[in-house]
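Enquirer: Turn these sequences into a full structure, and let the hints steer you where they fit.
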Amino acid sequence: MTAKIEYKYDDMIHRCFRCGYCKFPNDWSTITNCPTYARFRLESYSSGGRLWLIRAWVNGEIEWSENLAKIVYSCTACKNCEEQCPISFSDDLVNMVVAARSAMVETGLLPSPVKSFLKNVHLHGNPYGLAAKKRDQWMEGTKIEPYQNQEYLYYVGDEGSYDTRAQSAAKSLGELLLKAGVSFGVLGNLETSDGNEVETLGEEGLLEELIEKNIKQFKDLGVKKIITLSPHSYNVFKNSYPKFRGEFEVFHYTQILPQLMQAGKLEGPADLNMKVTYHDPCFLGRWNKEYNAPRDLLKGIKGVELTEMGQNKKSALCCGGGSGNFYTDFLGGSEDSPARIRVREAHETGAQVLAVACPNCLTMLEDAVKVEGLEDKIAVKDISEILNGTE
Amino acid sequence: MNSAVYKALVDIVGEDYASDRAEELFTYSKDLGTAEPKWPDYVAVPKTVEELQKIVLLANEAKVAIVPMGGGMSLAGIALPLHGGIMIDMKRMDEIIEVNGTGRYAVVEAGTSQGKLFAYLKKHHPTLAHSMPDAPPAATIGGNMAIHGQGDLAHPHGFNSDMINGLEVILPTGEICRFGSCSMSPGWFTQHPLPDMAFFLGWGGATGIITKVSLRLFPCKKIREFDLLVVDNEELVPEILYEISHVGMSEDLTAFSQALPPMTDRLHHIGVNISGDTEEELEFKRRFIYDERLSSFFEQGTGGIVATSQDLEKPTVTKTSDWKKGGGFEYVGSVFPVSAYPELYRKGVEISARHDIPYTVVGRVIGAAHSMMFAWSYAFNRADPDSVRHANEALHETDDLVPGLGGTIWKPAVYGQQIVMKHMDANTLELMKKLKNMLDPNGIMNPGNWEVA
Ligand SMILES: Cc1cc2nc3c(=O)[nH]c(=O)nc-3n(C[C@H](O)[C@H](O)[C@H](O)COP(=O)(O)OP(=O)(O)OC[C@H]3O[C@@H](n4cnc5c(N)ncnc54)[C@H](O)[C@@H]3O)c2cc1C
Ligand code: SF4
Ligand code: SF4
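Taken in sequence, the protein lines are chains W and D. When we follow the working numbering, the leftmost residue of the first sequence carries the number 1, and every step to the right adds one. When we follow the working numbering, the leftmost residue of the second sequence carries the number 1, and every step to the right adds one.
Watch out, some of these pointers could steer you wrong.
[Unchecked claim] If you want the footprint, here are the derived chain D segments under chain W, 3+ residues with CB under 8 Å:
#1 67-75
#2 90-101
#3 110-123
#4 130-141
[As the list claims (entries may be wrong)] Sample of chain D residues lacking proximity to chain W, with all beta carbon distances greater than 12 Å (derived):
#5 K30
#6 V45
#7 V64
#8 N381
#9 D400
Hints listed in this document are in silico derivations from the structure and should not be mistaken for laboratory results. Please read these numbers as outputs of a predicted model, since none were measured by experiment. Built from N, CA and C at the ideal position, the CB exists for glycine as well.
Expert: Below is the structure:
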């Protein structure tokens, strides 16, 4: 027995019965709807197994180890478990994992990829460790302007700013907003990480630092309304910033574009004649219950035939990239990596395009399409790219 | 620990699916109930019969125990490595190999979850169903066979293990055997009429590992209805069950009583599942079930039909675990004649009161009221050792009672297994011992489970 560790959910975590409902989607068609369990198929990587391990660790029954930390940090915070668990504490399942991570941060015991993620955000304002002054390179060649009191701040986020694949989505969205005549601007090199991943990785100090910095900047610039490219940014702005008195009107872009199309300010591309399936990002879907706006947007595009994967909406399988996993990559390297399972599901629908509404999902799923050798069969596109006609 | 065994496991199943790390050993050392942890030395998660066979051969060579685990939902500490060794998690072996619609059977790998088969049939064969236990959907088909489970078609069709059209098993010495028509033809349509070799059902994995099951499927009607009758006198329950089973139109017939919520205390609820392809068919069945004889019971005692709903929500039983936000429950299951219900209920109330646990008892009719599975559930607070101890004592007291009341214990924990074997006919017991020794000469197959002294 080692010493007891202070833990916020001490009076709750024992309530997990380990019944395993959390492994399934709504219709029970597969036991692999928790992405970490899908990847490893060991009980320790299921939601219940993880909670029991966390409880054993905070009670001093088992010691911290790299393996324990990997189990705790591989959870993508996708909330499938919260959707399925029949016990009344289900709303706190992800919080219990995040609190364990906070306890690991407190004790300084972190897996090295998580350490570098957090260090990079602290030093450079992004997890990739790339220079802050290169943050605006994605917008080269566009007419997108810096934010100066326009109606909306277009917040691009870390992936859209730095990841070459996600940059294309960032650009497409910017161009769409320009075409539609939306009054907006971006922060460019002044933009810094939104804190969503830092929050779910349990680094409360860094989160506070980021939120306070961002709120101050937004307020100084007079920002009132924000459009985000990423559902991750949308989530943290909408749900965590208000706790720090950062009240902004926040929209994910899929919630803005349908009105612009209806108002005739934005035209979709010419008749596309394509079958499309849509992958719900966890931070838009399960976290914020927005299932319809992206679908409405796709249905509004001429020639798009929308088809659903077996696991959709509340039961969508996570791409495996959430909560920093797009960088820490605890779930990669196997044909059972969630992103690979997901693109196989998408391919089974017969769709030519797998539409996403998240830069994180975009990179995860596109990489998976390549590894699966499906490049000739299915293309992964952000909805902004489909609308913009980006090749 | 023997690192050569770990290396061999990695060679067989790959690095991702073998572990000798503390976290996995901890996780597989515990089950959902009150059992003391039993630590494995290794965990392996095979994907194919070939991989599993190699593990069995390795275990014989290294003289290491092997313990199959499905969903681990059996709650009685029987899916734990009582003598260490290799824990084999069966859930990657979960392919639905064939559904023969007109022959009404499905051939599945043993690690297939109940939930997966349920969803598959609902989607691809909506007119067919298997007998689904109330267990969480992660429970496996193989695990349920290994303990003679019963599901929601128990009333017309019996134990789930009576619904088998064929089996494939890996013997403790590594040979793969098939039983039924599949042993001589590609068809898995019948278990009979070949010589009976049912040494694997109900053995809790002590005689071999079930790898494939051909499961009988039954007509699944479009509309399902769950009716609830209530009476305040336990003595009426057996007769009511008898009358309803005489009509033979119900799919699942249960009787339960529970202290909570308080309005249900000491009342006896009789759950009647009926189904029909049309409203007309349902109405026809209702007319026959709720006939004059049944209403005469309600005239004698107080009671009546209290609820009808489309179907019962499945997690209801699982929620028992959250009494007082405690996260645990375990039950003693037993099989009795239906006539024993009143006495069993009263004993349940007594034992629960002694341990300050709100009583919960349930009986499920098996066959045409040939017998009844009766369970006494004891909820506990996982974070309170005293509460766990009370539940454990209540379980043992209940186990102790069963033979005296003329019943058998279902899926007994090791404590209950000892009681059963103590009361068993000596010749039968000797045969069990001979069988086990013959099949498992190295004593590696789930040792400690159904072990005859
Ligand atoms: C809330 C709740 C409700 C329940 N309701 C029911 C019910 O209505 N009906 C019912 O029958 N049960 C019920 N159960 C009990 C149990 O969950 C089920 O019987 C379940 O089907 C057991 O399957 P499993 O895969 O979880 O088995 P496990 O617990 O994993 O294993 C059971 C035993 O079989 C052995 N075993 C596992 N797989 C194999 C295999 N492939 N070959 C050989 N041996 C094997 C194990 O070593 C162990 O001894 C319930 C349990 C809970 C928690
Ligand atoms: S998290 Fe909920 S659903 Fe999952 S094992 Fe625990 S109690 Fe069951
Ligand atoms: S949040 Fe997602 S990854 Fe984490 S335990 Fe729940 S289902 Fe699994």
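Enquirer: Check each numbered hint from earlier against the structure, then list the numbers of those it violates in ascending order.
Expert: 5, 6 and 8
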